[in-house]
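**Q** Each chain is listed here by its residues.
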Amino acid sequence: MYKAIKMTEITRLESVFQDKVDKEIKVEAMDWMPEAYRKTNLRQISQHAHSEVVGMLPEGNWITRAPSLKRKAILIAKVQDEAGHGLYLYSAAETLGSSREEMVADLLMGKAKYSSIFNYPTLTWADMGAIGWLVDGAAILNQVMLCRTSYGPYARAMVRICKEESFHQRQGFEALLELSRGTTEQKAMCQDAINRWWWPSLMMFGPKDSDSPNSELSMKWKIKRKTNDELRQQFVDMIAQQVKILGMTLPDSELKWNDKRGHFDFGEINWEEFWNVVKGNGPCNKQRLHARRAAHDNGSWVREAAVAYAEKKAAAKKQKVA
Amino acid sequence: MNAHLDYVLHLADTTLVLAQRNSEWCGHGPILEQDIAITNISLDLLGQARNYYQHAASLINTANPNAQADEDSLAYLRDEREFKNPLLVELEKGDWAKTTLRQFLFSVFQDLQLKRLLHSTDTQIAAIAEKSLKETAYHIAWSSEWVIRLGDGTPESHSRMVTALNEVWEFTGGLFVPAPYELQLAGTIAADVSQLEKPWTETVSNVLEEATLSLPGKTFMQQSGKTGIHTEAMGYILAEMQSLKRSLPTATW
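Protein sequence lines, in the order shown, are assigned to chains A and B.
Per this note's numbering, residue 1 is the first one in the first sequence, and the count goes up by one each step.
Per this note's numbering, residue 1001 is the first one in the second sequence, and the count goes up by one each step.
In case anyone wonders, no lab produced these hints; they're calculated from the structure.
There are no misleading hints in this set.
DSBU-like mimics (lysine-lysine), calculated; alpha carbons at most 35 Å apart, straight line:
| no. | chain 1 | residue 1 | chain 2 | residue 2 |
| --- | --- | --- | --- | --- |
| 1 | A | Lys113 | B | Lys1093 |
| 2 | B | Lys1218 | A | Lys313 |
| 3 | B | Lys1098 | A | Lys317 |
| 4 | A | Lys111 | B | Lys1098 |
| 5 | A | Lys226 | A | Lys256 |
| 6 | A | Lys163 | A | Lys39 |
Okay, the calculated beta carbon distance ranges per label pair:
| no. | chain 1 | residue 1 | chain 2 | residue 2 | range |
| --- | --- | --- | --- | --- | --- |
| 7 | A | Ala315 | B | Ser1214 | 22 to 30 Å |
| 8 | A | Lys208 | B | Glu1033 | 33 to 41 Å |
| 9 | B | Glu1210 | A | Glu304 | 17 to 25 Å |
| 10 | A | Glu304 | B | Ala1239 | 33 to 41 Å |
Cβ coordinates follow ideal geometry from the N, Cα and C atoms, glycine included.
Make a model of the complete structure from these sequences and hints.
**A** Encoded structure:
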């Protein structure tokens, strides 16, 4: 009997919740929400935070070698922005009942995921441009959508992040534009980077809709508003035009404008590679996790000292007051 | 003219090399907030370096209109022996104790130097000094807090701070020994660094005392960096920093 009443109550709460979502009222931290909604948001926001932090590594790889002082300054500022994004996102995720320490522990244990794109290596300077243009470009399409996501703290964090990300994308494109107008070596470097980053960027939108079981509920709850395939198509249409300005090509022989669809057709993604990188077999999965673990472990004595000092000061203050 | 140019390059190299060292932390800091902080300091110093290099390039190009010097040719196409930074800034970044201590010791010096450079007869240097001083105030606040926190934190952090102090200390003396170009310009274009040791020692010993660390006693001081003789670490900094630019020296980026 008791159980039955409880179920009715949950059904009622769920219906109130869905009604709110349907009316475009943001869900806030203290509101009642279905457990699966909380979990999905927590997983997604913390993965996003981890992606920002792990994403610092491939670009950080070129800070000390940036070929001009201006580019060095731009790159440092960009990587620093990513650290900032990580901070907002961890804070947004904390509103769902997990602590940053727990989330970071999950990442370091290999339990939590981050965007697979960062498991590819940055081999030349042109990769800095390609990441800005393609990787940030792909991320922005997802993030612009997330500015309207139903969970309030996430949506608000995304508004600020989007502003910075679109700046990064323009910087990336501009860096490639410079290369595309440069020496023979620079042009080759530019094309090579586009060749290596194109397919992994398409993979950033996730599995095909037909293979994405969580998508339907996420759409109903307005966590997502566009499907993986819709966003991927939007990206292809945008980049297929922009690449012409660079005088470069995309490494897909099937890429062709389709008048009937009003979109570019494009070739099949190598899904075997996609799942392999997700499972930890990408070219840099181990190195990225190793670098994060090393930073965490090497920093533990620093964090302990900071806590010990703060406690000492607090105790001294208390004694003074007494 | 040569002394003037050397002096501007000395200021430029000093800030660039420390910016380069601190930037090695980006993505590897002990906690995200502090990763941002040290990267920020790196970015401030890089901005200062660019101002000085641009000024040096204009001095060169005014004297010789065919020279076509710019900030990048000066930072990327000069050799180790031409770099005029003091040794302190080129030392390996080490652990968080060494990085924050080195930053503190340097920032206190830089603050004193820049305050004098506000009166430089080179108005461009005076303007850069004015802008940089706002940044230096933050660098001192941030780094002194870390020196105190680690010195007076746990037994491990204290012991790491002691090690860092022993490692870094012999490279501080060189800051106060004027290079020939500084001697020639002291009190006009340049700051007289020999006058800075006393106020520097006072500030440093106050902070070390609060950090429960003792000021090292009189010891031999290494002092060659500003005249172009560096530690073995310097070659690797430049090899890394200059590699791409030198592989395509005529390319623009």
